[in-house]
Amino acid sequence: MKWVTWEQVGVDRMACAWLITKYIDPQAEFLFVPAGYKPLPEGAEPFDIPGARLSHHRGHCTFYAMLREYDLHDPVLERIARVVDEADTVQDVMLEPAAIGLDVLCQGIRRISPDDRVALERSRLLYDALYAQFASEPNQG
Amino acid sequence: MEQPKAPSWVLLVYKIPREPTSSRALVWRKLKRLGALLLHDAVWVLPATPWTREQFQWLTVEISELGGEAYLWESHLLLNGQADALAEQFQARVDAAYEEILEELEQDEADLVALSRKYQQVRAQDYFHSTLGTQVRERLMRARGGLAS
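Protein chains in written order, with the working numbering: chain A, 1109 to 1249; chain B, 46 to 194.
One or more of the hints may lead you astray.
Claimed, not checked - Straight line, CA to CA, 35 angstroms or less: simulated DSBU-like cross-link-like pairs of lysine-lysine:
1) K163(B) <-> K77(B)
2) K77(B) <-> K1146(A)
3) K1146(A) <-> K1110(A)
4) K60(B) <-> K163(B)
5) K60(B) <-> K1146(A)
6) K77(B) <-> K60(B)
Derived from the structure by calculation, the hints contain no laboratory data.
Start from the sequences, fold in the hints, and give me the full structure.
Listed below in structure tokens is the structure:
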């Protein structure tokens, strides 16, 4: 199916796209519209767009909403959600030192990529790596 | 932190129910954490960058989820010099925080862990790149020992 989000993807949307392709819709096709653009393309599921079902809720990032909406229960994914939360939103409590670095790397990936599609493609490696690393650290969730 | 190319500002005005007080406190803490400035007890303002835009956008969503109402604008000042004056207000606050760190660094047994964390928090709000920030960083690196780079 089709998924739509705003242009200039960053840490949260890269994480979401990785999650979608890996756990929800392996054939996912991503569309990008300028920030604030309306109407959104028909038949595409919006994510990380204000007001969407798959978006920030109660101060948590969109990745967090995805885990909840698609019933994904995996302590490693939950830890990634916390990292993305700390990277993408204002938090008083910071428990994941990876958050700041991840945010910087994601911004950099967007910067060196010709478009959002390529940026999503390239960022997959980061999240695969993060998942593998966290999975190897039991009791850290 | 990207400096805005044209001095453009994001403005947030909101109202939130008195109860529960935790919601009010949450929003207020986030605004402080972003380093937003409250003008005349009315409007919260930040220099517009992709990051501040996004943070205010999500805060606007969160306020309405908490039962409040929020409006978010982007604007620029029309009168000459006002943008600079506003930037100076941001700078003054950040500089005061940097000064505090510098003072604490003078103490014997300064808590370097806490001070470097505090530095990072202040730097996140240093939208106009204060030169004091560079000083603080250099002092912290010297305090750490080894080769400063």
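Tested hints:
1. With a C-alpha separation of about 14 angstroms, the suggested pair K163(B) and K77(B) falls inside the 35 angstroms cut-off, and the hint holds.
2. Taking the CA atoms of K77(B) and K1146(A), the gap is about 32 angstroms. The hint holds against a cut of 35 angstroms.
3. Annotation: proposed proximity of K1146(A) to K1110(A) holds, straight-line Cα distance about 17 angstroms (limit 35 angstroms).
4. Taken as a hint, the K60(B) and K163(B) pair is honoured in the structure, with Cα atoms around 30 angstroms apart against an allowance of 35 angstroms.
5. A hinted pair counts as satisfied when its Cα atoms are at most 35 angstroms apart, and K60(B) with K1146(A) qualifies at roughly 27 angstroms.
6. Distance hint between K77(B) and K60(B) is fulfilled; the C-alpha atoms sit about 16 angstroms from each other, no more than 35 angstroms.
Of the numbered hints stated above, none is contradicted by the structure.
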